[in-house]
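A.B. asks: Residue strings, one per chain:
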Amino acid sequence: MSRLIYLDNAATTAVHPEVFEAMKPYFMECYGNPSSVYGFAAGSKKAVEDARETVAKFIGARASEIYFTGGGSESDNWAIKAVAEARKDKGNHIITSKIEHHAVLHTCEYLEKQGFEVTYLDVDEDGVIRLEELKAAIRPTTILISVMFANNEIGTIEPMKEIGEIAREHGILFHTDAVQAYGHIPIDVEELHIDLLSASGHKINGPKGVGIMYLRNSVKLGSFIHGGAQERNRRAGTHNVPGIVGFAKATEIGAKTMEERAAHEIALRDRLIEGILDRVPHARLNGHRTERLPNNVNISFEFIEGESLLILLDQQGVCASSGSACTSGSLDPSHVLLAIGLPHEKAHGSLRLTLSHETTREDVDFVVEQVEKIVARLRSMSPLYDDYCKNVQK
Amino acid sequence: MYSEKVMDHFSNPRNVGEIENASGVGTVGNAKCGDIMRIFLDIDENQVIRDCKFKTFGCGAAVATSSMATEMVMGKTVQEALEVTNVAVMEALDGLPPVKVHCSLLAEEAIHAALWDYAEKNHIQIEGLKKPKADIHDEEEVGE
Chain A
30 MSRLIYLDNA ATTAVHPEVF EAMKPYFMEC YGNPSSVYGF AAGSKKAVED
80 ARETVAKFIG ARASEIYFTG GGSESDNWAI KAVAEARKDK GNHIITSKIE
130 HHAVLHTCEY LEKQGFEVTY LDVDEDGVIR LEELKAAIRP TTILISVMFA
180 NNEIGTIEPM KEIGEIAREH GILFHTDAVQ AYGHIPIDVE ELHIDLLSAS
230 GHKINGPKGV GIMYLRNSVK LGSFIHGGAQ ERNRRAGTHN VPGIVGFAKA
280 TEIGAKTMEE RAAHEIALRD RLIEGILDRV PHARLNGHRT ERLPNNVNIS
330 FEFIEGESLL ILLDQQGVCA SSGSACTSGS LDPSHVLLAI GLPHEKAHGS
380 LRLTLSHETT REDVDFVVEQ VEKIVARLRS MSPLYDDYCK NVQK
Chain B
10 MYSEKVMDHF SNPRNVGEIE NASGVGTVGN AKCGDIMRIF LDIDENQVIR
60 DCKFKTFGCG AAVATSSMAT EMVMGKTVQE ALEVTNVAVM EALDGLPPVK
110 VHCSLLAEEA IHAALWDYAE KNHIQIEGLK KPKADIHDEE EVGE
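Keeping their order, the protein sequence lines are chains A and B. What the first sequence shows, in the working numbering, is residues 30 to 423, in sequence order. What the second sequence shows, in the working numbering, is residues 10 to 153, in sequence order.
Careful: at least some of the hints might be erroneous.
Unchecked claim - Some chain A residues close to chain B (C-beta under 8 Å, calculated; not the full set):
#1 PHE332
#2 ILE333
#3 GLU334
#4 SER337
#5 ILE340
#6 SER350
#7 SER353
#8 GLY370
#9 HIS373
#10 GLU374
#11 PRO412
#12 LEU413
#13 ASP415
Source of the hints: derived by calculation from the structure; they are not laboratory data. Beta carbons: idealized from backbone N, C-alpha and C, even for Gly.
Let's have the full structure, built from the sequences with the hints guiding it.
C.D. replies: Written out as C-alpha cells, the structure reads:
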C-alpha cells in the first residue's frame, strides 16, 4: 500500500512549498535577532514586521494588535488568564462553552481553582451555542466570553457576530479560539466585534510552533511570558523569525486561495458525507449540516468502536481520527460528542475526516468504499449489532 | 503502539462468530466505556472445550485479546481454561500498552462468565470459579 490519503488536516497540515521557501533564508542567512541594533539584524526585524502587517490585514486588524506566540494553545492560555488577571477587580465570572478545545477548557478549570467562576454553555444537537442562554448567563461580574469560532471535531461554526454584539452591549471582552477557522473562512474582527483571537500556523499549511494572538488596542493586558521587551513588552522570548515568516506566508496563500479552496473542499466534503450516509446504515452526521467548516466530516457509526475503524483505515493508507475513548487515552469519549447529546456508545463509534486542497474525488470515493467495507466487517463481529438484529427480528 | 502479534490478531482475528446452542455464553463489558466481549463455549461430556468463538465491540486491543483468549482455551478442560489469566493472554500477545490492560481483564472475565453460564446450566461447580462481575469497569473506575 503505497498510496497515502491524508484526511486529518484538522490535526495538522503539510507545510506549503512556498511557505517552506519563504522560511529558508531565515535559518542560515538572515538569522539575526530582530531585537539587535546592528544592520545585519534589520532584515529579520523587517520580516517580522511585514509578517505582522500581512496577518493584521487578513483579519481586519492593525499591525500593533497582532502578537506572535508559540501556537494556538499559548494564545488561548494567555488571552484567558491575562483577561482574568487584568479584570479581576471588575469581576470573576467567565462564560465559555462545553465544546471548547482543552486549551480553553483546562485554562478555565485552572482559573476556577483560583477563585473564578465559569459558566460552560450547553450547545444544541448541531453543536451551536444558544444565544438566549448566553444572555441569561451574563452577570454584573462577567468579564469575558470565550467561544470558539469553529469546532475542531465536528466543524460547526458558532454565531460569532451575534456573540460579539452581545458581548459589546454588556461591556464584556470577547475572545475566540479561531485555530480551526483562521485561513479557512473569512474573519473580520471589526465586523464580528472580537476583542481577542487565537490562531495557529500549522493548521493552515504553515509551520508548527507558531501562532498569533490578536488583542484589540483598547484592551490592556499583562504579559504571559516574562523576560524581554519583545512584542511590545507583552510576550518575551526571541522571535521565531522563520516561523513567523512562515505563518505570514501561509496566511497570504490562505487568503488568496480561500474561496477556490473552500469550493473545492465543500464539494468533496458533501460527496464524502452523502457517499457514506447513503451506503452505510445506522450512521449519522455530527455537527451542523451547512454552518460547517469546508473541510470537516464527522460521522458516528452505531455498534462499532472508533479505534478499530482507524486502524483498519490506516491499513488502507487512510489517516483519520476519532472521538472514541480509546483514542483519547481516557475512559470517556469526546466531550464535544457528548455535549451534542450523543450517548457514549455512539460517541465511541465516531470518525473525523478533514480534507485539504489536495484531496481528490478519487480519494473521497476510495474512502467511502473502504468505510463501507470496514464498518460492515466490524459490525459482523460486534455483539451490539447482533443484539440489535435479534431485537429487530422480534 | 501495538505489538505485531496484537496487530495480527486484530487484523486476522481467530474464532470470530457464534456457536448455536452453546454450552456456555458470557458477555462482559460496557458499551459506555467502549468495549463489550461475548464468548461462546462448546464443551463436551468430558468437560473439554471443543470449540470457542467470540464477538467483540471495542478497540484493537479488545479484539486481539478476545481472539488470543479463544485460541488459548481451545482444547483445554474447563479447569485448565481457568488458568488462562489476563496476564497469560497479554504475554501471548507480546504485551499491551498500559491503557489497554483492562482489555485483557475483559477477556479473562468473558471466559469466566461463559464457564459460569455452563456450570449453572449443568448444575455443577467449577473449583475456583467465582461469579463474574456484570461490569468489570465498576471497580476499575473507582480505583482510578
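A.B. asks: All the hints need checking, so say for each whether the structure fits it.
C.D. replies: Okay, the hints, checked on the actual structure:
The interface hint given for A/PHE332 holds, since its Cβ lies 7 Å from the closest Cβ of chain B, which is under the 8 Å cut-off. Against a cut-off of 8 Å between C-beta atoms, the interface hint on A/ILE333 holds, since the closest Cβ of chain B lies about 7 Å away. Taking 8 Å as the C-beta cut-off, the interface hint given for A/GLU334 holds, the closest approach to chain B being about 5 Å. Because the closest C-beta pair between A/SER337 and chain B is about 6 Å apart, less than 8 Å, the hint holds.
Annotation: interface hint on A/ILE340 holds; nearest CB of chain B at approximately 5 Å, less than 8 Å. Nearest Cβ of chain B to the Cβ of A/SER350: about 14 Å, over the 8 Å cut. The hint is violated. For the restraint placing A/SER353 at the interface with chain B, the shortest Cβ-Cβ distance is roughly 6 Å, inside the 8 Å limit, so the hint holds. With its C-beta approaching chain B no nearer than about 15 Å, A/GLY370 sits outside the 8 Å limit, and its interface hint is violated.
The beta carbon of A/HIS373 comes within 4 Å of a beta carbon in chain B, closer than 8 Å, and the hint placing it at the interface holds. At its closest, the beta carbon of A/GLU374 sits 4 Å from a beta carbon of chain B; the interface hint therefore holds under the 8 Å criterion. The beta carbon of A/PRO412 is positioned within 8 Å of a beta carbon in chain B (closest approach about 4 Å), and the interface hint is therefore held. Taking 8 Å as the C-beta cut-off, the interface hint given for A/LEU413 holds, the closest approach to chain B being about 5 Å.
A cut of 8 Å between beta carbons decides the hint on A/ASP415: the least distance to chain B is about 6 Å, and the hint holds.
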